[in-house]
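S.K.: Construct the entire structure; sequences and hints are all you get.
Residue numbers (this note's numbering), protein chains in the order written: chain A, -11 to 276; chain B, 125 to 403.
Zero decoy hints are in this set.
Simulated restraints on C-beta separations: (1) Q180/B <-> I21/A: 52 to 60 Å; (2) W133/B <-> V51/A: 50 to 58 Å; (3) G231/B <-> L272/A: 29 to 37 Å; (4) L64/A <-> Q180/B: 44 to 52 Å; (5) G231/B <-> S140/A: 49 to 57 Å; (6) F203/B <-> A176/A: 49 to 57 Å; (7) K86/A <-> Q180/B: 38 to 46 Å; (8) G93/A <-> W133/B: 18 to 26 Å; (9) F203/B <-> S178/A: 45 to 53 Å.
Please keep in mind that the hints were generated in silico from the structure rather than gathered at the bench.
All C-beta atoms, glycine included, are put in the ideal place defined by N, C-alpha and C.
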Amino acid sequence: MIEARDKKVPYLFLFPAFVGLLLFKLYPIFSAIIQSLHTRIFLGEELKFVGLNNYINLFEDPVFWNSLKVTLKFNLVINPLQIVLALLLALLLNANIKHIAIFRGINFVPVAVSVPTACILWKIMLSPEQGVVNSILVALGMNPQPFLTSSSQALGSIIAIASWKGVGYWALFLLAGLQEIPPTLYEASSIDGASRWQQFRVITYPMMKRSLTFVVVSDTVANMLLFAPMYILTSGGPNKSTNVLMLESYNSAFLYSDMGRASAILVIMVLITFIIISIESKLLKPEY
Amino acid sequence: MNRQSGSSWYIYIIHIFVALVILLPLAFALVSSFRPLNDIFKYMSPVTWKTFLPTQITCDAYVNLFRERGFGRIFFNTFYVAFVCVIFGVILGSMAAFAFAFFNFKGKNVLFLLVLITFMIPAELVAIPLYSLIDRLGWVDTYYGLIIPVIANGLVIFLYRQFFMDLPKELIESARIDGASWIGIYWDIIMPLSKPVTVSAMLLIFIQHWESFMWPLVATRSKEYRVVQVALSDFTTEYATYWNEMFATVIISVIIPVMVLLPLQRYFIQGITHTSLKE
Chain A
-11 MIEARDKKVP YLFLFPAFVG LLLFKLYPIF SAIIQSLHTR IFLGEELKFV GLNNYINLFE
49 DPVFWNSLKV TLKFNLVINP LQIVLALLLA LLLNANIKHI AIFRGINFVP VAVSVPTACI
109 LWKIMLSPEQ GVVNSILVAL GMNPQPFLTS SSQALGSIIA IASWKGVGYW ALFLLAGLQE
169 IPPTLYEASS IDGASRWQQF RVITYPMMKR SLTFVVVSDT VANMLLFAPM YILTSGGPNK
229 STNVLMLESY NSAFLYSDMG RASAILVIMV LITFIIISIE SKLLKPEY
Chain B
125 MNRQSGSSWY IYIIHIFVAL VILLPLAFAL VSSFRPLNDI FKYMSPVTWK TFLPTQITCD
185 AYVNLFRERG FGRIFFNTFY VAFVCVIFGV ILGSMAAFAF AFFNFKGKNV LFLLVLITFM
245 IPAELVAIPL YSLIDRLGWV DTYYGLIIPV IANGLVIFLY RQFFMDLPKE LIESARIDGA
305 SWIGIYWDII MPLSKPVTVS AMLLIFIQHW ESFMWPLVAT RSKEYRVVQV ALSDFTTEYA
365 TYWNEMFATV IISVIIPVMV LLPLQRYFIQ GITHTSLKE
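M.R.: Take a look at the structure:
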């Protein structure tokens, strides 16, 4: 480490980046907390301090409770699903077979597919009347499904679409974790007569806990705040069945111009996300 | 695992299945984007080979996107935003990392913790409160609003810092003895040595902005500043019945990152996995 004679030097190097980080990443979080305690006086520019009123109003609002329920239900399904699939895919991509580079390359393609792009592609294919998926179902002798247009299938359809795009990305991290494990460990345990499952439990799982924890936490944050599919595919419907908290917050801000309510929802979401990822990190903590 | 190759045929089958799940929807979009609109609907149901393979090929959808729907402007906006963010993101990030990697200074740990926190805060979370800020600055519906708030990137600082820490300190010490200035050391000695991490950082930033949706949606109103992801979303409501054009937008939105990512795969993977494997 170097001590600059001029003490200002390191700060000058930090300055431009930190202006951006402080002003546009951290300040908005504080401003959300402040705004959640205020309300705008009728069409005016002035803000009035209302204490916890925005929160109390939320807790009395069935729309908020529905959104909370939808968000939790969505996350309870999508996170375990994506993580298990990503882990299986990573194991598959780590297989020592010929031409594995081709499969890894194919698997990399969804990284280039943005969430809105995946949504539009699947929206057309899942179209109830003329979508190709229903045409195929009918050809196979099954009934056509309403998919995104029914309140019982919309959330599930979004989970499938988001996973089609997301699993490959998370598998990249897990694959990198797998590749850090020295192959000698497997060789030694094979000699000792360990089965595949035993090897996974005793070697693979503990050795890749770091990348697994990273994926679990990042995936949870991403899905708790997932916004684009609900905005693009269903607008929160049908019957508010996909109206997650993030969409409710966005609508509060830009449809009803109620920044206080929008910010209060954000603050609650941050708290819930924080609690969930704390539990996850605790559960995944290495025992040794 | 799976070191024996004799019993690996079933692994190939699963691999091929996964590859089809990933590629078939994109292939369907690609093929359909080159068909006349009527053909797509005519052969959609019942399913025959004509559902998937074109009988007629036309570029109408792509021509329309650029002639009628203003995709030229949309493309320009997206590239412009991504380009500015890549250049300034790399400079700002590497400068901050230079300070973290080579200097001792007061508040270093607190400031680095701040970097870590900011790169765990997703763009979606700050989009709504950030809107109030740029509204006060008068930046709604301007390039300033689209670009400036998203330039500084904690992930890029982190990436460069990891890389710089592995560089030998003697490089800097001898340059100091030769009388080089700090900015000279950063720009003429350290940055030229950091090309691999610069490629990774540029890729990450480019992809992030090519795919970014919520911030441009919130920060802009008019068509003049529309970027590709927001344009895609608008398309589903404005021109929902033009399936050939919608498929074409999907292909355009995917093809650019594919062309950039596939040859540079290695750098992208190194970039993202560095952040998850090391402290």
